[in-house]
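Generate the whole structure from the sequences, applying the supplied hints.
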Amino acid sequence: MNSFRKTVGVLAALFVALGMVLPAAISIRDDGAAQAEPSDFALVYFDGDWNLPAIVGLVTEPFADYGSFGLVKATPSQLDFMKGLGISASFLTDRTTIGLTSGSFDTRDGEPQIPGALRISDYGPSGGLYIVQLVGPVKAEWVEEMVALGASVHNYLPNCAYVVRMNQGVRSAVSALDFVQWVGIYQPAYKLNPGLADGKFNVVMWNGPTISDTLNGLGARATILDSSYDESTDQCEAFISTDVAGIESIACLPDVLWVGQYDEPALADETSSEIVGGIWTANTPYGAAGNYANLMGWNGTGVTVAVADTGLSAGTTPNAGHQDFINRVVGGKDYTGTNWRDGHGHGTHCAGIIAACGWNGTGVKYGATQYYCGAGVAPSANLYGQKIFTDAGSGTGIPTTTATWGYFFQHAYDAGAYVHSNSWGENPGDGAYEQNSIEYDNRVRDCAANTTGQQPLIITVAAGNAGSTQNTVGDPGSAKSVITVAASENYHTDGATYGDLYDTLPADANDINQIISFSSRGWEDDRRIKPDVAAPGTAIVSTHSAYLGNGSAPNLYGFYTSDHRYEWCSGTSQANPHVAGSCAVLTQWYTTTFGQRPMPAMVKALLINTAIDMGTADIPNRDEGWGRVYLPNIVNAPVPVIRKDNPQLLSTGNTYFLNVSYQDAATPMKITLAYTDPAGVVNGNPALVNNLNLRVTAPGGGIWYGNGFQNGMGVVGRNASNSNFAVYWDTNSDNFDERNNVECVYIPTGSLLAGTYSIEVIAQNVPTDAVSGGAVDQDFALTVYNANEVLPQSWTPWINISVVAGWNLVSVPYNGPTAMPGALQDMVNGGAGLVVWNRVQAYNTSTPSNIWKQYNTGWAAALNDLAAVDNKMGVWINVVTVGDGLLCLGGSGYTNSTSTPISLTVGWNLIGFPSDDAAYTVATFKADCGGLVTIVEGFNAVATYRTSALLDTDYMTAGHAYWVYASSATTWTKPW
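Note that this note's numbering has the sequence shown beginning at 3, numbered continuously upward.
Computed cross-link-like contacts, DSS-like style, restricted to lysine-lysine with a CA-CA straight-line distance of at most 30 Å:
| no. | residue 1 | residue 2 |
| --- | --- | --- |
| 1 | Lys-874 | Lys-855 |
| 2 | Lys-874 | Lys-928 |
| 3 | Lys-75 | Lys-85 |
| 4 | Lys-855 | Lys-85 |
| 5 | Lys-928 | Lys-855 |
Rather than coming from a laboratory, the hints here were simulated on the basis of the structure.
What follows is the structure in structure tokens.
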């Protein structure tokens, strides 16, 4: 029977051919000349009217299907030809590169030149650590296949590679897999960063059968200061002290995964509160007390902020000895061997910027103004002090291993913290992604290792005070998923009148749109955008530690002379708590407004999306990142804002779709994607692991790509003069950013078009599971400023039809002809449940010259001859995004009792089932057709042609369609 349907050309499984009908003016090129050209792997993006089977004749070899795109082997001429058809395609120019901090190399050339002392020629039969590079974006089943062969897969390395433990036999089997590009020994040289010096190091090791020998070897070569085992990664870690010769010898130990140098960290009224919280004026505050967000009712109530610093004032609850903290200090923890009181002053000053409440505390105003001293950004938030610096400012309490970091963050979580403020870091920074950055990236995802599930944490970090030289952001500010804060100027032109401002001159606090010179600059070593945002960090008046008393010393930059319960200080240390306080305000607002706490990625996306471009340089830039934080644009936005917090989990090849239209023609439409990327490794460059990309298609067809900016706004397509994008982030020359886990598209007012913008979040490569349990996938947050969501046309709900990826056989619930594409649009309003299709095929025996009619979402209207569908028809629909697996269709077609006649011709007919009768069998159907129907086939996703014959006892189902074979023409009327 299947062969018969093939011969007559009506086999539904031939949708590959049927759906690939090219316009008459287009012909497939002759590949004869192309065969002389070399082929290489390329990605082909399916923008609605193409899929991998459809381009089989256009490439040398189709290799892997990811859904939204395909991996193929093709020649340059073939790619050019496809581009001429409107198909987006590009070679993966960096797919054979292994990116290491010690230097990258191309696996097509084999191993790089390595010093003999840091090179292994081979392992014994028991094997060791190897690098296995795959041919393209990682498919989860590829990793599963390697594991099934006996490989132990460890950390991801760019690009498309893993560190893998295996013996010689497994290595041979893995090397033979068609999706493996290269296998090579994981050389000791790869494990080290350049520029090592005698000192302290973090060493991470695989917990394999020879780990005891490795630990013994480690102890013979270094002083082990601390060690731990991380069950979640099955890795051991040691914090050691040794010289360069010792560390090179340690790198040769067989279980060592990487070694990282440990750099000693350092510590890095208020008008400034209103600069970030709104609405600031030079002389008069807005309202009676508090910033604009506070006056709107958003003051951090119910949110606890942990402050990792020098302690907190008197180190007692509930006030820590300061009126401005009354009843809001929930506790503290010391890690320096004393107690959590603040004998330095830095921690209390930062805590005051976050949450001091001057008007309900001391009531002291600054000078002759109406600004209160001690006016924190979130004056009702709770505080938890974590003392990691001594009274002398030494960071002896900073954790050094994964285990001690685990205890540290667990304490904050147990105290109820959802925001974590860190005004310290490596200083001077070097832009390197180091061990503390790894720990912080892990803790943004899950801060409580001893608590079941994942417990997210919003973490803010000071950029550092090593400016104005570029590439000076310090670890852990180099972490991908934290919010790294630069210092802009405050406004205190008369500050010297009220105290000793140390080295902060009036000129350093007279322009809120300037980045101060000492603020550390980006980019990172791997070209990522850092810092993320900016906030005031000069001439800040904040709370003085009660433990130190109110005498003349000690203090920071100097007392506020009118009241010694306050003092002056400047630095990114002061900028950072402004953002931590903003996160507390934002969390309270979001939780109250939407009924759930925002994920850290959503908080980061909102802060970046609404930040003020200071004009210091065009954003994004090395100085301010994406701009100065400004809360009114979040808590009381003047235009509609769409917020999607984890709307869909994405695996490699998946795409999330969102349709929007702009609201205000005088306001740019700004789209920001942010996601909590899994932690990278010290020796990997870039640090990015999972790569999600942002693409926006305008009503006129113009395409905007994430982080493609010029003059502080987005540009259509790739712009050669946009050097940041082209040189730093788009390493594959495919228009996508391959470096950052934050991507923005800002469409300027002059480019806004009426109609629907299609926003896509594309999972380009997801080699590591970001969300524990289930598939290998990545969550994300998306926010769109100045936009309304464009929802599918609203229908009265009728039916949910189960669908799978690829082709499905369905019928629709509409009595009369209903226009495409709306007739088959999923009525689920966006989010993870949305089913998306790109083409529909209908079989019509009344038009033998064009027996298949079709609708393709990406084709011009003139090429789509399937204008409408109704409940008498069966249609094949090609699903490209499964969503929740339920295609929700609706209408009012079944509110009456009309019986529907369907004419059947001799031979095969593709029909719908125009009823909700759940007890209608195939036998009844055949009888109602006068015995003239002899075969009925229904949808079967696992069958060769996705249909199989039904038994007479099987039921026919609403929403399904059927192939029926009639021996003579007849009419079937389904009684209601």
